[in-house]
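K.L.:
Residue numbers (this note's numbering), protein chains in the order written: chain P, 42 to 351; chain B, 4 to 302; chain Y, -8 to 480; chain R, 9 to 600.
Treat the hints with care, since some could be wrong.
Claimed, not checked - One side of the interface only, derived from the structure: several residues of chain B facing chain P at Cβ under 8 Å:
id, residue
1, Val35
2, Leu129
3, Pro130
Said to hold, decoys possible - Pairs of lysine to aspartate or glutamate residues, derived as EDC-like cross-links and limited to a Cα-Cα distance of at most 20 Å, are as follows:
id, chain 1, residue 1, chain 2, residue 2
4, Y, Lys275, B, Glu61
5, Y, Lys457, P, Glu200
6, Y, Lys477, Y, Asp276
7, Y, Lys275, B, Glu176
8, R, Lys397, B, Asp51
If you're looking for bench data, these hints aren't it; they were derived computationally from the structure.
All of these numbers come straight from a predicted model, not from anything done at the bench.
Yeah, the Cβ is synthetic: ideal placement off N, Cα and C, and Gly gets one too.
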Amino acid sequence: MLAFVLRRLGMTLVAVWGALSAVFLVLHTSGDPALMMAPVGADEEQIAALSHALGYDRPIAEQYVAFFGDVLRGDFPDSLTFQQSALHVVWERLPATLTLAATALALACLGAAAAGLWAGGAGGRGGARREWPMWLVFLAQSVPGFYIGVLLVWIFGVELRWLPTSGAAGPAALILPAVTLACGVTPPLARVFRNSLRGELARPYTRTGTALGMSRARVLRHAAHGSMLPVVTVLGLEAGALLGGTVIVESVFSWPGVGQLVITALQNEDYPLVLADLTFLITAFVLVNLIVDLLYGLLDPRVRHSSGRS
Amino acid sequence: MRKTRKSRAARRNPFFSAGAFGAFVLGAIVLVTLLAPLIAPHDPLAQDLAHTNAAPGEHGYLLGTDQLGRDLLSRLLYGARTPLLVGVLAVLCGGLFGTALGLLAGFTRGWPDQVLSRLTDIQLALPSILLALLVLSFGGQSTAVLVLVIALTGWPAYFRLVRARVLALRTSEYVEASLTQGIPAWRVAVRDLLPGVRGLVAVTATLDLSRAVLMEAGLSYLGLGAQAPEADWGLMVSEGQGQLLSSWWIAVLPGLGLVFLVISANLLGDHLAHRREDHGGREAAAEPSLAAPTPARTP
Amino acid sequence: LSAASPAARARRSEAVIGLSAAVTTLDPMNTTSVGTDLSVLSSVYSSLVTRRPDLSIGPDAAVSWDRPEPTRWRFRLDGNAAFADGTPLDAEAVAWNVARLLDDGNALRMTSNFPLLRGAEPVDAHTVDLITAEPDADLPAALSFLYLLSPGWAARHNPATEAMGSGPYEIVRYSPGGNVELRARPGYWGPAPAIRDITFRITPSESARVSGLLSGELDMVAGLDPQDLERLAADRALTVHQLDTTRMAFIKLNTLTGPMRDIRVRHAVNYAVDKRAITGSLLKDTVDPSPGQLLTADYAGHDDGLTGYPYDPERARALLAEAGFGPGRPLSVELTVPSGQYVAGDLIVQAVAQQLRQVGVRASINSIPFTVYMQKYLVDQDMSDMQYITQAWPTLAAGGLYGLFVSDSPYAYWADEEFTDAVTEARASTDTARRDELYAAAARRAREQAPVLFLFPQPGIHGTAKNLRWQPRPDDWVRPAEMAWKEAA
Amino acid sequence: MAQHHAAPAAPPLLRISGLGVAFGGTAAVRDASWEVRPGEIVGLVGESGSGKSATGLAVLGLHGPHARVTGSIRLDGRELAGADEKTLRGIRGRRVAMIFQDALDALNPYRTVGAQLAEAYRLHHDAGRAAARERAVELLERVGIDRPAQRAREYPHQFSGGMRQRVMIALALVNEPELIIADEPTTALDATVQAQVLGQLVRLQRETGIAVVLITHDFGVIEQVCDRVVVMYRGRVVEQGPTRRVLGGAVHPYTRALVASVPSMDDAPGRPLPTVPEVIGRLMGEVDEERLADPALRVPEGAPRTAPEPADEPADAAEPAAAAGGTAAEGGALLSVRDLTVTYPVGLRRSHTAVRGVSFDIAPGETFGLVGESGSGKSTVSRVLLGLKQPAAGQVLLDGEDITRLGRRGRRRLAPRVQMVFQDPYGSLNPDRRVGDTVGAGLALHTGLGRAERRARVADLLTEVGLDPALADAYPGRLSGGMRQRVGIARALALEPALLIADEPVSALDVSVQAQVLNLLSDLRRRRGLAMLFVSHDLTVVRHMSSRIAVMRAGEIVEAGDRDQIMESPASDYTRALLDAGYSISRAGRAA
Ligand SMILES: Nc1ncnc2c1ncn2[C@@H]1O[C@H](COP(=O)(O)OP(=O)(O)OP(=O)(O)O)[C@@H](O)[C@H]1O
Ligand SMILES: Nc1ncnc2c1ncn2[C@@H]1O[C@H](COP(=O)(O)OP(=O)(O)OP(=O)(O)O)[C@@H](O)[C@H]1O
Ligand SMILES: [Mg+2]
Ligand SMILES: [Mg+2]
């Protein structure tokens, strides 16, 4: 198990390193950040001085090393728009995003569990009567997130005035953005859960259970446990969609989280803030996947016992 | 005989008739987009400032006009151009790239596999919409960059599926049989493995098309994809969302267009995936259910 | 849910104001964003003088001021004025603030608004003199932007992330980019504000602001899109205010390089655009087209005698043909717009582009973020052929705004001796009649030379909850202290 | 083994009458009637798809939602067909238990063995957790698992195949049922393990007197274990009766042909096996399959009771090789394997030695048998001979040339000389390519033949292996397992190799088809003078095909020598155990 954890950890670090390198490269091939940071009307000397002060005139390899040094120390340059530690700015916005993402994830898991159990638990019996939640899921999957958001604001916020449409003011304001975000994450979860539950129910061991005299509910419970593996995998992959989704959902609902922050930072070409924000998002995503991997080991004894192979 | 088999498939698979429907709608959208210059009643860019925000039916505009008095119907007819063009090109690029590399990695194993697999890990560590935002914001936006960035975020799906399939096929006896016949490895890869992943790639590509379209729409919505005054469904939703209160049709109709486009691609993809499961025999049945890709989704 | 209604907030003496962008810093000298940063900070800090809703300059920390010498302004401070921590707002403090402003090492964004200011000299505890390099009649107007920090506090705290001022409110909660919550300060030395708790809610999307107003989540939003006017006006729970702002909108032409060097082309584009059609449709007739002027009527120096370019596409085509452009050799230009920055800016640009196309000019639209736009415009000095912009001068002086058009200004992209000479002379002149004459000449020259495609003033449309009393302003300030709940009917 | 008989007078425990099971349009079981008496072991035998499992599942109502069951299934007189879920749930596991084929899949992989046993117990007993756990340990001990208390805490994947099957048996026994239906409980196991597991089952059956229905396709098992046997064909019960009678003198032609086609230790090695169609043809003339499934059909009176003698070809298959056996080592060898060691990497650093110091020779025209249990390294050796795997050490000399260090080019030269027939008739043909392409691919590469010539050659090859040449244009999806295996053989023959490697060529095939493929291989070998490496885990089959045999265990050859010497006087204990464990039907009993 320890070897397994270490291996996963190693791969995680490689992934973080690679993703950050990609970010670094994109940012550095797009121009001298000093130009963007210089005050309006600054002349070339001033820009050169600023560039030097910030270290942007050093060779790229040196900057690359320095960049990772900064990341490791958690010591990011100041945001241009907020004039304070970019990491601090991101940190301050974090709770809003976490609340939103966690609520959406909980909603998605509930929805996926209900739809998956209903449609997959039939084990192929029941036909359309059991399949309708999957059609709903299918629809949710085919509607762009921003469109869902826009429609929800229109219907529930403006026409019906049931729910707040913007800002993180109170639990009621959480409902629409969380539902929108959940709409994006539920479909893959529900589909995978349904399919894997069906697959699990078709596996001989569930038949063994029935042959031993287990009730349908008990067999379902065992099968549901078995079907968790692919669900958890998809959950890890969907963490990316969830984080990406916050970018759009936070824009639509003016939700003051890191997703909206990254959009404004990109628009303002706030180089250090983009960097800090992405570093955070990447790390969060990769961490989630690490957790998923470890969960895998917990869920499936076979994985736990074969640390050598994956 | 054929007929009964088909109808049985139809009964067993609720997506069957839906698949035909998806193909039909997708075809219709493509056709309408191609014929737009012939059938659109107006120039999609022509403004009629005297009749802005006209409701559907008003002043002879069948579906109304937008804030600049442009005919919404004509804009809708043209509006699938960019999503389809970008989507198809991105799917082609990503699909070819991912399939080729998946074939390479799965077949040779060893270090190319290691390197490429780590690369996809890294790629997947960057949520695709963020990667796209980053590249488009700092790399400048153009259709070519848009296609590339969508393809870039799409190739790992093909890579992983093809690689897994090739890894499985690689040790299959018929591939070994070809090798023992002295047939060169690359030829075995092309003649024995490629056909084996063809169906899988086709399914993935169809579902990837919906992902690409959604991503194009999402980026256009955020202002990083298609640019005004172009008629583009995602951009139109973004332009019209401020008018939902007074002129809902400006944002709602192009959004519906997107929904139809994506649904039809998803239906078709699902149908193809199911058909593979139904008729693919042993190979398909042996695949884990995960391998039948669920359509990716960009919010 | 009733707790979220304006009526409930009125009972509890609260108000929620929608802001279009995040508050980026709490340092009032390091920002020039009036609509957002400074609106919030003006409640927390006080300045020497303040601009009232009717645009006149009134007292704040300074009770009176005069100009004992041409280059010396004298301000007498309110003896009660003090910071929240009890330290007095005295002449020393003002002098320290001026020094902080003028110290280039601090690289403060506000500094460039005070090009003539040279320093401050305390006269006594409550009197301070401000010295200018040249006679500067506009200094008090400029000082309405200068918010004063406590020297002792600033030494121990970071003003960018914390605030402690002498204004009517204090900050209860602030996170970078997040909502800002204010609470009326019990010990405030001036008149207490009418509403106790203020929340500035960051709502970058226009539709979110509008739906926030309609659903009663927001009590006040400034700078709305005219497209929403009808719907908002129809809502009986809202009051919609509508007036011209001090910002003039126009399309700046790059007269230094490219096709716009040719005055015939500049005239042609001015004739090609139907300003009236645009104000009528996109701006819902909230403003009238500009009479060929760079200033709005609020500025001292506005020339009432000018007329704008009429809509005359035939003339435009003829002029273009004269300049050598026609069907065989169409003119292609790039038209840049900062996305989402200006009211209806993106739509206006599309309308202009389409109208230009009708006279054979191919205008391709380049929509970019505001910061990138400013970068190209000012830092890189790489403006495209045409760019949509709105400009205002905080002191409402013609000299200020015209200063953006003189030959050596980085804003100008226009080198015209006649105009520059007139403006320079007018600014130095103390003779008002002569000055008005010179400004009129400059205005005529600008009209004739057309360094811009003249459009119209930017409309100011502000929405408030019905019960919220607030006098709308032609400038961008949104000050909670100017708001009050009407007695519940 | 099981020779005791229950009193014939005892009322049947399970009586199946007129049972029909239909999946949509296909009738899996038709009008089947048979019964099980208490304490009796009944064998249910038949080729793949004959409806054995469908019958077994129907008894407990486990046939799934798509099957329609008609007729009657009575347990102690109580009707089970169409009974409600609740009734069935009370019976499942409690009165009738099932054992499934693949124990790895049939056990819940996510739960410990002990937990599964305890849960099964608590389903029917009002017992506490501790008591149930005790019961679980007790049963593990009873089915012969060491350290049962500790193993109860382990997961199925930590058990070997044989032990898993024992756990399955324990699971079936935990509630002390009256009847166990065991569906191919040992098919996936090695011969020695199979013997142990079956022995255990029979021992427990004796101790408890539980009735058992043993579903199998292995006549050897039937002969040694079952009291009575029920033979199914195409969904119908064509014959039933006491084991001895059915094996010795079946009255239904199908049964008789089936029994005749099974290779036996008593047969003369190498003699062509009588195939099912052959025997039936000889007995009855032309009979179509559907008519053959008629239970009323009888072997004509005059026909001999035993299997008819096959065509009078000499039983000399092994003779030339036996003669060359002594000289192979002296340079006459076609293939010479010297001290072969093969490793597979495990993880990053470690490696697993699959083959260790293996040496043997094959003379031209000789069939060399390689036998051993699963994982002993048989396939690894074949892979090295084909150049698919590089050995860690040792040499493989083909006509004196070492082929282990050949480059890509050299391997291509090797291809026409060594060819392979694969185990899995489904996996070894590319489903996306036509049969003709598959067979002709090597020709295109290694010969200068034109398109038309190649087609003609492919047609010849297909004819040679007994297929319709028109099948060249068909896709493999249309072919049956036996046909596919013939295609595989044709592909191997296309390049006219000197050495043919057959790795378990018949282990995936039904008994009735197995004989045909074995005959084809013998025939080809004789006609073409092919040398052959025949790999199998089935001693009977290896004995039938080979003149010399090597026995492998854990990567090493434990014994090698002449067929007769190995079979009659094995030198190593392991070979002896292997021989003892083999369930082979004895023709002697029937000859009497
Ligand atoms: N779930 C099912 N759906 C459709 N057809 C089925 C199903 N299960 C079995 N069949 C069909 O019923 C027939 C009998 O199958 P069954 O599994 O009983 O055969 P068997 O004798 O057990 O064969 P084997 O030796 O291969 O296990 C076969 O033709 C099979 O294809
Ligand atoms: N590709 C591989 N990687 C790692 N180990 C392998 C590989 N192939 C085989 N082995 C191991 O090598 C040993 C020998 O395997 P091999 O396939 O040669 O056995 P076999 O005798 O053919 O068995 P079977 O009768 O099951 O086919 C086994 O322990 C197996 O686990
Ligand atoms: Mg079976
Ligand atoms: Mg093997």
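K.L.:
For the pair supplied as a hint, Lys457/Y and Glu200/P, is the alpha-carbon distance within the 20 Å limit?
P.N.:
19 Å, holds
K.L.:
Measure nothing beyond the straight line between the CA atoms of Lys275/Y and Glu176/B; if it is 20 Å or shorter, mark the hint as holding.
P.N.:
75 Å, violated
K.L.:
Quick check on Pro130/B please, does its C-beta sit within 8 Å of some C-beta on chain P?
P.N.:
4 Å, holds
K.L.:
Keeping to a limit of 20 Å between CA atoms, is the pair of Lys275/Y and Glu61/B held or broken?
P.N.:
Given pair Lys275/Y, Glu61/B holds - Cα atoms ~19 Å apart, limit 20 Å.
K.L.:
Within a Cα-Cα threshold of 20 Å, do Lys397/R and Asp51/B meet the stated pairing?
P.N.:
75 Å, violated
K.L.:
Any CB of chain P closer than 8 Å to the CB of Leu129/B?
P.N.:
Given a least distance of 5 Å, the restraint on Leu129/B holds.
K.L.:
Sort out whether Asp276/Y lies within 20 Å of Lys477/Y, counting only the CA atoms.
P.N.:
30 Å, violated
K.L.:
Holds or violated: is there a CB of chain P closer than 8 Å to the CB of Val35/B?
P.N.:
With a minimum Cβ separation of about 19 Å from chain P (threshold 8 Å), the hint on Val35/B is violated.
Violated hints, listed in ascending order, are 1, 6, 7 and 8; each of the other numbered hints is respected by the structure.
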